[in-house]
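There are 2 protein chains.
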Amino acid sequence: MRALRFDGSLKLVDDAPIPRREGEALVEVICAGICNTDLEIVRGYAGFRGVLGHEFVGRVIESPDAKQIGCRVVGEINAGCGVCRLCRAGDARHCPARTVLGIKDRDGAFADFLSLPAHNLLEVPDTLSDEEAVFAEPLAAALNILDQVEIAPTARVAVIGDGKLAQLIIRVMAQSGCALTVIGKHAEKLALAEAVGAHCLCLQNTSDERAIEDWLRRANLLLAFDVVIEISGSPTGLPMALQLVRPRGIVVLKSTHHGQTGLSLTAVVVNEVTIVGSRCGRLATALDWLANQTIDVRPFITEKLAIEDAIEAFAKATRPDSLKVLLRVSPSS
Amino acid sequence: MRALRFDGSLKLVDDAPIPRREGEALVEVICAGICNTDLEIVRGYAGFRGVLGHEFVGRVIESPDAKQIGCRVVGEINAGCGVCRLCRAGDARHCPARTVLGIKDRDGAFADFLSLPAHNLLEVPDTLSDEEAVFAEPLAAALNILDQVEIAPTARVAVIGDGKLAQLIIRVMAQSGCALTVIGKHAEKLALAEAVGAHCLCLQNTSDERAIEDWLRRANLLLAFDVVIEISGSPTGLPMALQLVRPRGIVVLKSTHHGQTGLSLTAVVVNEVTIVGSRCGRLATALDWLANQTIDVRPFITEKLAIEDAIEAFAKATRPDSLKVLLRVSPSS
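Chains A and B, in that order, give the protein sequences.
Be aware that the first sequence starts at 1, since it is given in the working numbering, and climbs by one per residue.
Be aware that the second sequence starts at 1001, since it is given in the working numbering, and climbs by one per residue.
Isolated chain A (complex conformation) (with noise of 0.2 Å):
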């Protein structure tokens, strides 16, 4: 099968054995979305090799559970051991043994097939498109920190970041009713964000955290915020978050990266700071909010391309202006 593996080079490959896994459904995956995740593993993070991507929708072709096959699915990416204390409390995400698609010991979406535990994969409703579909798990992450955190309406939010997370993050929190400021580098991308009523705020593009320090001052947000959430995927995001919050106010901490931040951790003691790190969520929820079209995901999808593209797709999905970068891998029906 066709697949794009990463060992050390991204490589589009047409010889890739197709990935059956004992007691596992088999899905041929029919679009796929790039995440920043996926750039990160390509920059080092998590140590990876293999097939990547894990944002995909596809239909089942076999499936231990009979009645899935043929059902157009997304799918849960981590799979637990299913024998672990925290596997057992219903907690797979978290297995210290879980293998997750295309980021941790298991093949992923950017491939003819992929290989999923039955249990893993949710039916997408009818209503809903691919190309909506696949926003199902960046958009659970998003909503996890709804589960996490509670936003009240009076609540004054910032989002550190505008990147393709973040829009799915900043319209769930617009969703909430609460004040919200975002600050990004891109002023298309900020665009987006005030048309859902977002208050916005183009940084300069400095990694210096005195200028930094100097401009959030002159604008009025140091200390001003209930909640801020750290999703811009640079070292630089939680210092300003850090500075962002108020006294007892809540970081949630949604990047990752490779390397190590360099970070005075007095603020955090002093002001009493929470950090809350935050992944991945409930694929059920996504699915509702996107059948229920409580979110438009569509004005975020940059550009879709077959999957013999996927080298050059990786290219679009790095540049600065770039959102979501959707991989066509089969037709639908």
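Keep in mind that the hints are not guaranteed to be accurate.
Unchecked claim - Short derived list, chain A residues pointing at chain B, Cβ under 10 Å:
1. 146
2. 148
3. 220
4. 222
5. 246
6. 248
7. 266
8. 267
Just so you know, these hints were derived from the structure itself, not from any lab.
Since the model is a prediction, treat every value here as computed from it, not as a measurement.
Ideal Cβ positions, reconstructed from N, Cα and C, are used throughout, including at glycine.
With chain A fixed as given, assemble chain B onto it according to the hints.
Same frame as chain A, now just chain B:
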């Protein structure tokens, strides 16, 4: 009056002006305690210049609240502006314009007299000795954890650190009935934790992260704790806490130190850890615990010296085998 000043170096003076502040109470200091924050200030933390000291018991000499005069008191060390949004909401501790006794823009307790707002002072029950009462401030800081994080009796809790504040935290945690593990570097200090039922591990004196991780793995401690309290005072403490805490667990950050921590934040996001910064606490609760003998602080007193010997007392407080060093300033009655 006599005072121990820090102006880039420690100096004992006998001609410091008596610190009368308009509308505040004047307190004659009886006894004061040396805290790690004092030692950190001498190393450059917080940029403070002036009279050090914030743990004290004293007697009110002058006060706008006449019934306070003559009372033996301890004091809330943060004094807010009284008019900002945080102060009006009752959180003067986080007022951005606050002064802090012996830490920020306010002369401290290593002196014959100190000044604090009358409403910052709490009367000490007669049953408490001066030496016990002086622990009210650090004990409040330890108890603050219970206001921030729920510690279930079934919780697996680790404390990283075996110093002065760590010992108080260990006793507070031991009261909760949780399964308590303490990781420290000083056998004789760990023995105090063992005395209240903690499982203690003496870490080799190394800052090599790989060696520490191997050691934790062999001891079966990786991802093993619901709550990890980091009070080591060392930049290696938080990285270790992130190795110990289970997915979706809580790290309480108590250490403040000068300088930056190099940190990989990936574990925070991937394991969805919550980091809670924790500073001061409520003195009234601490006085209750001391008066009810819920906690016995006397084992933690390493030595009592007269204020004339304050420089020597500081030297003693920095020794690895030292716990609380007290300064006797004036007789109790």
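Open item on the list: Given residue 146 of chain A as an interface hint, is its Cβ closer than 10 Å to any Cβ of chain B?
Closed with: For residue 146 of chain A, the interface hint is violated, since the closest Cβ of chain B sits about 14 Å away, which is over 10 Å.
Open item on the list: Quick check on the hint: residue 148 of chain A CB to chain B CB, less than 10 Å?
Closed with: Result: holds, 8 Å to nearest chain B Cβ.
Open item on the list: Holds or violated: the hint that residue 267 of chain A contacts chain B, with Cβ atoms closer than 10 Å.
Closed with: Holds, because the Cβ-Cβ distance from residue 267 of chain A to chain B comes to roughly 8 Å (cut-off 10 Å).
Open item on the list: A closest beta-carbon separation below 10 Å is what the hint needs, so does residue 222 of chain A meet it against chain B?
Closed with: Nearest chain B Cβ about 8 Å off; hint holds.
Open item on the list: residue 266 of chain A was flagged as interface toward chain B. Is the shortest Cβ-Cβ separation under 10 Å?
Closed with: holds (5 Å)
Task: Status of the residue 248 of chain A interface restraint (C-beta, 10 Å, chain B) - done: holds (7 Å)
Open item on the list: Quick check on the hint: residue 246 of chain A CB to chain B CB, less than 10 Å?
Closed with: holds (8 Å)
TODO: Let me know if the C-beta of residue 220 of chain A comes in closer than 10 Å to any C-beta of chain B, holds or violated.
DONE: violated (13 Å)
Hint compliance for this structure: hints 1 and 3 are broken, all remaining hints hold.
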